[in-house]
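Asker: Numbered by mature numbering (1 follows the signal peptide of the UniProt record, and there is no 0), the letters in the sequence shown go through residues -31 to -1, 1 to 693 in order.
There's no promise every hint is true.
Pair by pair, the computed Cβ-Cβ distance ranges are [to be verified]: (1) Phe378 with Arg622: 47 to 55 Å; (2) Arg622 with Ala567: 17 to 25 Å; (3) Val183 with Arg119: 54 to 62 Å.
Pairs of lysine to aspartate or glutamate residues, derived as EDC-like cross-links and limited to a Cα-Cα distance of at most 20 Å, are as follows [said to hold, decoys possible]: (4) Lys133 with Asp78; (5) Lys211 with Glu675; (6) Lys565 with Glu639; (7) Lys166 with Glu83; (8) Lys166 with Glu262; (9) Lys597 with Glu568; (10) Lys133 with Asp152; (11) Lys679 with Glu644; (12) Lys367 with Glu441; (13) Lys3 with Glu165; (14) Lys211 with Glu644; (15) Lys10 with Asp105; (16) Lys679 with Glu639; (17) Lys533 with Asp438; (18) Lys211 with Glu643; (19) Lys533 with Glu441; (20) Lys647 with Glu568; (21) Lys597 with Glu626; (22) Lys565 with Asp654; (23) Lys597 with Asp614.
Please keep in mind that the hints were generated in silico from the structure rather than gathered at the bench. For glycine and all other residues, C-beta sits at the position ideal for the given N, C-alpha and C.
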Amino acid sequence: MLTQSRNSSRLLLVIFLFIVTISQFIHPVAADGKGLIGAGKWMYRPYCAHACRRPIQNNHLTCNRDIGGHSDNTTHTHTRRHSHAVINTAECYLQDAAFLRTMALCIADRCPRENAAISVIEDYWEGHIATGSVGDWSLRPVMSYQEALRHALMDVEQAGGMDKMPYTARGAPLNVTSLIEEDVYLSTHKSMVWFEKIETGHSRNSIGAAVSAVLIPILFSLLRFLPGNPLWYSRLTNTLEKPLFRSRPELKATIPTRGQTLYIVYLILTQIFLAVFPHPSMYPNASAPTQREGLMIMIGNRAGSLAMADFLALFLFSSRNNLLLWITNWSHATYLLLHRWIAYCMIIQVCVHSAVLLASYWDVRDTEMAQVYWIWGIVGTLAFVVIWPASLNPVRHKAYEFFLAWHQFFAALGLIATFFHIYELYTYNWGYEIWVYIAGGIWFFDRFVRLLRLVSTGYRRAIVTSVDDTAEYIRVDIDGLVTEGHVYLYFPTLTWRIWENHPFSILSSFTHASIQDSDSASKVVEDEKNPSTTSSVSSVPSSNKSMRPRTTILLRPMKGITRKLANRVLASSSLSISIPVLVEGSYHSNAATVQKLAECSTILVFAGGVGITAVVPILKTFGDVQSKLFWGMRNDVLLLDTAVDAEIRGLKRRGVEVHTNVGKRFNVAEVIREELEKGEEGDGDIGVVVCGPVGMAEDVRIAVGEMGPKVRRGVVLVDEAFNW
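With the hints as constraints, model all of the structure from the sequences given.
Answerer: Rendered as structure tokens:
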């Protein structure tokens, strides 16, 4: 039943994300094409027609169908990208004879130079005369292109030839058929070609950054399917699993492995490279008179595009229902670490976008800053920036609930502000909003699946019991519930913040009928902010006659909710309370790697304190081979717990060699070295599992990283600790 539920959830997620992504690229908008500029959408087709309209779009029109008089003024085009003033109405462009005839004369003269087909010209005429670059085929001019050209040629003949025709002047009234000066046209044409090229670069670079960020974990994970389980792959994996360097205790949870570092380096280099290249050098032009101005426009806008492209991996990697957890062998902890680094890149790109474009528009800042799009841009920038200081390790560990609320509120605000920043400037014209839709779709779907998981388990009551007199450890037993891996618990009566929840690993999902309720054992997360995760497969008892469903969790109270829970237990004379609980689960943080243990002939397991709860299910599932458990703890309180004792005795009966240390650490490097030196090629792989404090996990990673590549057998490393 659980397997069917998981498969259904996975299928629904795949279908949903596919529909959300595809639907955004076919969203009906007014602009030409669908998708992003350069990826299904275009700005200027043909360039010649758009370059004819741009120099005269802000000339004052009389909106008359008939013309009289001539003008001999000259003009030059505007250079600003955004024009907020409305000079003429759409109806005026559609019916003004001087405007239509001037356009037709320019198109007839310039478009043959780029071999523009008459069908393309007529399509432009029917959909862009009133709007410019954004097509709207419901707004058709009162005369066709051919008719306007015929009248324009009659005006030329009446004037005595082309050399007698007046020229347009920027901002001046346009009330007669006129010519557009060649240098003005060429500058505008070059500007449009340049601008569409850099916009195409924005789109393609953004798609490349977003897709590669998600595709790299998938491609590298495919190596695990190599036939024959080659030794070189194991050695490569062990080398990459080693921490980049030894760190101070307070930084251990944030230091990436060598493999994670390679991804981070790739991420940073691509963010820098894609923000600058390609750079079409077409200066001077009407939008960028100098290369410096052109670079500022390009880098400023591209940084904004890349920041939005980062939304895909940013939101996907942080979600509990991350599709990549099911199709790759990367752990949830890895994705969360990469989520932070992608967030750093995104925040930097947002700041570059804001700062560079502020400098670019400095001379018109008073006008731009009053615009609604600019205000929303400021809100979005500030929302993303203020997330960073509240996400630092000291804040996250000491005030986890505050960090979580702050993080989610400003992330949502930043996403909303980004949408309105785009909408107020472009509405739905150029496809930038697609990135917001994708991010929002991932965020909402993750919450929807969380709700489904909550509903599937229903309302429960938990028996919370202190393992000792001081509630150093407490046990949570939930009868009638079968779970596996780890779950998120909500205690709605413990705090007014009913949305708060924390992850805990499952020690067991069944209990012997002869064991009293008070003897159920629970598992803890070493720190409520740093929960230990569990195996991907829970052990199902062979006989249902002597077993009944019960989820057992053991936890060590720290701060926040777990401390409140412990205080409530201590206030009870029996050191045991019954409390409502909502259970969200089950989740698996490292499923694909755990499954590799099935190919191992030897399994070494290291547990620290309550980390025992994460490794017991693994040993119960894969412990039929030669297995050794090394469990270190600060005191013997956990050994005295009857439920934990029952699990340990059960492991011993299965042939697991159990070693315990109270008050001192195992020399994990020596243990691993001795075991690795015993085997020879052909003896089968050795599995190394660790769940405990970050220091223990780092020691194990270093030992495997140093010795694994040197031995003649494969080594599978499973780190079951979450260090959030």
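Asker: Now tell me if each hint is right for this structure.
Answerer: Each hint tested on the structure:
| no. | hint | result |
| --- | --- | --- |
| 1 | Phe378 with Arg622: 47 to 55 Å | holds (51 Å) |
| 2 | Arg622 with Ala567: 17 to 25 Å | holds (21 Å) |
| 3 | Val183 with Arg119: 54 to 62 Å | holds (56 Å) |
| 4 | Lys133 with Asp78 | holds (16 Å) |
| 5 | Lys211 with Glu675 | holds (8 Å) |
| 6 | Lys565 with Glu639 | violated (24 Å) |
| 7 | Lys166 with Glu83 | holds (17 Å) |
| 8 | Lys166 with Glu262 | holds (16 Å) |
| 9 | Lys597 with Glu568 | holds (16 Å) |
| 10 | Lys133 with Asp152 | holds (18 Å) |
| 11 | Lys679 with Glu644 | holds (13 Å) |
| 12 | Lys367 with Glu441 | holds (18 Å) |
| 13 | Lys3 with Glu165 | holds (15 Å) |
| 14 | Lys211 with Glu644 | holds (19 Å) |
| 15 | Lys10 with Asp105 | holds (14 Å) |
| 16 | Lys679 with Glu639 | holds (15 Å) |
| 17 | Lys533 with Asp438 | holds (16 Å) |
| 18 | Lys211 with Glu643 | holds (19 Å) |
| 19 | Lys533 with Glu441 | holds (13 Å) |
| 20 | Lys647 with Glu568 | holds (18 Å) |
| 21 | Lys597 with Glu626 | holds (5 Å) |
| 22 | Lys565 with Asp654 | holds (10 Å) |
| 23 | Lys597 with Asp614 | holds (17 Å) |
Hint compliance for this structure: hint 6 alone is broken.
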